[in-house]
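Visitor: Chains as they are written, first to last, in numbering that gives the first Met the number 0: chain A, 0 to 295; chain B, 0 to 495; chain C, 0 to 311.
Just so you know, these hints were derived from the structure itself, not from any lab. As the structure is a prediction and not an experimental result, all values here were calculated from the model. Only true hints are included.
Straight-line alpha carbon distances no greater than 27 angstroms define the calculated DSSO-like cross-link-like pairs of lysine-lysine that follow:
hint : chain 1 : residue 1 : chain 2 : residue 2
1    : A       : 124       : C       : 19
2    : C       : 19        : A       : 198
3    : B       : 188       : B       : 372
4    : B       : 341       : B       : 217
5    : B       : 423       : B       : 205
From the structure, some residues in chain B lie toward chain A, with a derived Cβ separation under 10 angstroms:
hint : residue
6    : 91
7    : 96
8    : 115
9    : 117
10   : 118
11   : 318
Positions of the beta carbon are idealized from the N, C-alpha and C atoms, including for glycine.
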Amino acid sequence: MSAMPAPRSAELGGAGPTSLVRTLGLYVLLAVAALAVAFPLLIAFSYSFMAESQIASFPPPILPTRPTLANFQEVVERALRPNSPLPIFHYLLNSFVVSTAVVAGQLVTASLAAYAFAFFAFPGKNLLFLVFLATLMVPWEATIVPNYITVRDLNWLDTYQGLAVPFMATGFGTFLLRQSFLQLPGELYDAAVVDGAGKFRFLWQIVLPLSRPALGTLAVYSFLATWNQYFWPLLVTNQPLMRTVQVGIVQLKFEESTRWGLVMAGVVIVVLPTIILLVLGQRQLVRGLTAGAIKG
Amino acid sequence: MTLQSMPRRRFLLTALATMAAAACSPAQPPAAPPKTEPAKPAAEVKPTTAPAKPAESKPAADAKPSDPAKAAAAPAQKTAAAGKITFWHAMSGVNGEAVNKMVEGFNKSQGDIAVEPSFQGTYDDALAKLKTALASNAAPALIQVYDIGIRFMVDSGEIVPMQEFIDAEKLDMSDFEQNVLAYYKLDDKLYGMPFNTSSSILYYDKDAFKAAGLDSNKPPRTFDEVSEYAQKLTKKSGNEVQQYGFHQAIYGWLFEQYMAVSGELYVDQGNGRDARATRAVYNNDRGKAILDWWKAGVDGGYFGNFGRVTNDNAAAFDARRSVMYCESTARMRGHINASEGKGELGTGFYPRPADAPAEGGNIIGGASVYALKSRSAGEQQAAWEFVKYSTSAPVQAQWQADTGYYPVRKAAYNEPVAKEWIAKYPQFSTAVDQIRAVPLNRITQGAVFGAFPQARQRIEQAIEEVLLGQSSSQDALNRAAEEITTAIDRYNRSTR
Amino acid sequence: MARVQTAAAGRLDARARGRKRARAVRDLGEGLLYLAPSLFLFAVFVFIPLGRTVYLSLFYTSPIGAPREFAGFDHYVDLVTNPAFRRSLGTTFLFVLYTVPGSIVIALGLAVLANRRLRGINVFRTLFSSTIAVSLAVAATIWALMLNPSIGLFNYVLSLVGVRGPAWLTDPTAALISVSLVTIWAALGFNTIVLLAGLQGIPEELYESAKIDGAAGLGIFRNITLPMLSPSLFFLLVVNVIQVFQAFTQVHALTRGGPVEATNVLVYSIYLDAFVNFQFGYASAQALVLFAVILTLTLVQFRVIERRVHYQ
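Hey, can you work out the whole structure from these sequences and the hints?
Guide: Right under this line is the structure:
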């Protein structure tokens, strides 16, 4: 890090030795904070390359003395066996398909609803918004049994629909988008509507493009939230080939053993796709709206 | 504000849209048809509860138990036990693979029945899922349920007791481990068939014993001896304990075991086996003695306390933060593996009070499988054929080798694979000796009552209260027993 | 919301009162059209099931959860008189207090730190938001390893800097803190992203004109950053409170509600009653009380706090 060249535009635009020291200090601060936040994840990565005998020792190790791929090998080998009880690659695919479907559904339902809440005036709006928020507050225990029955009656057990459709509307996402839409200058809407441009066209052509960071945040959030579900996928699937990744983690974490290395290898396999998604989507997520921020 | 479009960065949304299109097409469950009814219509099938001519079915004593394929196939020819059935289980990891291996063996051994094993999460997850499925006729033909779930399974009114299949075939059960069967019997009727069986023992590090000047082949037998040994085995540097002499998880099951080896019932009505239990009765002197012993060790700094989570406690032993500990035999193989390069692993009998009466002894633990009534008679019969196969001696011997659970058949120990296994893991003979030495009575059969899962949680809380000095042992036990008595009462009312 | 309402009010004045009602109906219809997809799914998968829960809460249920005997308000009376329920409610509030402010404040710090134009800043932003990629189940698994009473790394690292850590999962005071730590950590990623996006949305001119006016450092932060960020902060407050009230996975994985009820938050106690203790009716009543508590708290937040939120 010390070899890092000075950035072209330091924050306050100044040059000279004080600015350089300042920048270096910033980097140190950033690095320390990043290490602290990512520490648990780094540990998971480190342990996934550790031999079993090294993990169960005291004082606890931080890095593997002799890094090994044995843990990953075991997970992959198990996954590739015919009729494998732990087909983790299928799990990944299923989680991917289901999460994507939920994201698509939520983006549509939530942007429509948030648009109405942010821009329209109609009686009962506040009450309806509260109804949307209320969906977030219902404890999962209260709905899971009847939802199972609904999905079974629809013949949706062991299907992607059964896994995805119940989550395609979101009070959370509607709230998130509403907050973002409210940040748009009101004059835009008034002008556009006076112009006679349809309300839907305004949503499609102005609001959505302007709100891409918020839409991106919702997309990533709901993708990961779906990716991370455990009990619902377990409930509505019986065939191993319809299961999702979190079920796989539980399968690796079996009661009779404490094979942390193996479990961490499973954790890494499950977390890696979402980390990659985050790396790809991160700029999209926090990209600013203003001209200044864009020009950078 | 400028409205700049950034086409290059649209990847997220466009990618999502494309994927969404793919995702909306229906799932393709590979090959398997959605719901299979038994191959033959139910009308042809005689109800399992009263098979056509029981006299015709050969007593299984004739069928060689060492030939599982034959044992399973023979009766299948007479009853219409055909089709595809689902078997829900809670075995993950290595044990899950052992289940699949067993099922594959069965499916290959005959051509009429295809069992499809399906992992359903932890025991609690599987039971929660069963409750949900029972409400909507989506239950499997066969399900594995943990030991203490027996009262619930019986009260659900949704199972076909194993005894009905056994009686219908006049199956000879004499080769089964009677101590194991006894747990799953109520009124002398077998409800669930033992599937995976374990018990509790003492693990210790022989090298640590030698280092402390103790005889490494003489593990402690009584509470007092455990305390005495633990004091000698504890290593400190300053005030910091480097190595504890003994520990065990704050786990209700272990307390239940201690009550049983102390010769005491857990609930009234003969542990809920003579009639429905109405009261928890462990708040007596024996119960108090267990907690006082435990607390004295923790206070004295020679028993470690690693909390409720059993995995954490296992890890503490594997890392030798403590060199004696009590746990289930199911963990033995894990401990043998983890002991490589550390200290040699020893096993001993589960500790008991020095003055324990002769009628005390360990209760078995683990899980059994239940056949569900809501499936067709053909599916029920198919489930039974699989159960029979799973309990045959060679299958049980292989099961033990794959998982470390006890065989449920005595003859299994004669199988080569079992002999090999015992030779490889001599530590396991302690476990076998211990379970065989138990006198069979209401105490050692173990308690049966509806609020058992809750009771287990509650006693764990009581143990914590005592170990943390928040309550005296007698008060903690009294309060726990009182609450559980209320819970039992509430449960009993709900089944009326 | 205020902006839209005044605009609407202005328009209303210009029109005849008689058309007001017709217009209101039309507006409502139009609004509902946009809400319809969500409302339909909510009806099927949230509110109808919730109705069933209300129904079950009035019954004693069989072990498999079927209503057996009418209980009236017995379960609710039980709840009010049961000290265990009150303790559980108290634990839940304490848990919210431990986690929500901490998580938002730390995330705010990270977001401010990462809101600069430096080379490689995206690497840091990604690391700061990395926990969004981790499920609670996985987070709990990793922390279980780090807080493990015997081989835990956390205390070992602390001991290297001379701090003697408590028995994180077995000491009743420390256990709730441990679960809170995991919760804060898991929430950091999302919170940081939201705040960072909010910070990026603040027009640079605002800062520049403030500097011209002679404001600096903390003054700018207080007078410009915080107000402009208030919609994001408010959103996070509401959402975090709701989520923490429903935190289940980390409790289940780390402490199972113990030691001595120290982490027995309400959703966990509902889970036990519903799926372990065979008391579905009683669990339903608890679920509804929890729902009511969160609803009230959210309403209060909207009434009291949203007023101070600055929308452009």
